[in-house]
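In the order they appear, the protein sequences are chains A and B. Counted the way our numbering counts, the first sequence spans residues 25 to 134. Counted the way our numbering counts, the second sequence spans residues 1275 to 1396.
There's no promise every hint is true.
As the list claims (entries may be wrong) - Taking lysine-lysine and the DSS-like style, the derived pairs with C-alpha atoms no more than 27 Å apart in a straight line are:
#1 K1339/B / K1350/B
#2 K130/A / K1317/B
#3 K96/A / K1317/B
#4 K1332/B / K1350/B
#5 K1317/B / K1339/B
#6 K130/A / K96/A
Stated by the list, open to error - Residues from chain A shown here face chain B by an in silico Cβ test under 8 Å; the list is partial:
#7 P66
#8 G67
#9 P69
#10 V133
The hints are simulated quantities; they were obtained by calculation from the structure and are not laboratory data. For every residue, glycine included, the Cβ atom is placed at its ideal position computed from N, Cα and C.
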Amino acid sequence: QTVVTQEPSFSVSPGGTVTLTCGLSSGSVSTSYHPSWYQQTPGQPPRTLFYNTNIRSSGVPPRFSGSILGNKAALTITGAQADDESDYYCMLYMGGGISVFGGGTKLTVL
Amino acid sequence: QVQLVESGGDMVQPGRSLRLSCAASAFTFSSYVMHWVRQAPGKGLEWVTVISHDGDDKYYADSVKGRFTISRDNSKNTLYLQMNSLRVEDTAVYYCAKVPYSGNYFAAFDIWGQGTMVTVSS
Chain A
25 QTVVTQEPSF SVSPGGTVTL TCGLSSGSVS TSYHPSWYQQ TPGQPPRTLF
75 YNTNIRSSGV PPRFSGSILG NKAALTITGA QADDESDYYC MLYMGGGISV
125 FGGGTKLTVL
Chain B
1275 QVQLVESGGD MVQPGRSLRL SCAASAFTFS SYVMHWVRQA PGKGLEWVTV
1325 ISHDGDDKYY ADSVKGRFTI SRDNSKNTLY LQMNSLRVED TAVYYCAKVP
1375 YSGNYFAAFD IWGQGTMVTV SS
């Protein structure tokens, strides 16, 4: 069974840059997996950040970017702000209608 | 603006059934693939199921296959999730979500509903 991997937690200083990754337990992530990224704060529904690797969803500030880095999908925040402190989830499309989420990364800004 | 509103969440006993609804507005519902995603208390997101824009194609996570059925009524702009043989581990907030492109695009979401809570407990 394919597992989508994410760092369980990450910390960044205000104004700093952080890159969260999304990998596969077996194999490499490519654009063919249509990686997407979602942000969620406690008690709120998820908010879409990116789909198709790097297509920014409406209203997402430019300090967020999506890419493929090596064999993983990546979400980079440049100039982190306090309200970026959230849980971040990636999702990969496996084909045949099936999608799989990663376990999420809890980002702390301090 | 584009809106998705879930309803139907409740507390039920194990083995019972429940039907969730997701009312869509401000977009051409019949043109878009729709998904259900769930989140157990304190846990991460889990993709549950997806339906094609015309309702012909449906796919399920292994954890719900054979118990849950996704459907849609394009004349009513409404998505459904019929949940049978509910288990304690089905306890979660259930979100419906729309894909960003019309046609048969299955791979991501752009708009999410607020979610509806399903609790399975004896």
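Taking the hints in turn, this is what the structure says about them:
Straight-line distance between C-alpha atoms of K1339/B and K1350/B comes to about 26 Å, which keeps the hinted pair within the 27 Å bound. For the hint pairing K130/A with K1317/B, the CA-to-CA distance comes to about 12 Å; that is within 27 Å, so the pair holds. A C-alpha spacing of about 23 Å is found between K96/A and K1317/B, which places the hinted pair at or below 27 Å, so the restraint holds. Under the criterion of a C-alpha separation no larger than 27 Å, the hint pairing K1332/B with K1350/B is consistent with the structure, at around 19 Å.
For the proposed pair K1317/B and K1339/B, the alpha carbon gap of about 21 Å is at most 27 Å, so the pair holds. Under the criterion of a C-alpha separation no larger than 27 Å, the hint pairing K130/A with K96/A is consistent with the structure, at around 18 Å. The criterion of a C-beta within 8 Å of any C-beta in chain B is not met by P66/A, whose closest approach is roughly 10 Å, and the hint is violated. Below 8 Å, beta-carbon pairs count as interface contacts, and G67/A has none with chain B, the closest being about 10 Å; its hint is therefore violated.
Checking P69/A against chain B: minimum C-beta separation of about 5 Å stays under 8 Å; hint holds. Hint on V133/A is violated. Least Cβ distance to chain B is approximately 20 Å, over the 8 Å limit.
In summary, the structure is inconsistent with hints 7, 8 and 10 from the numbered list given earlier, while agreeing with the others.
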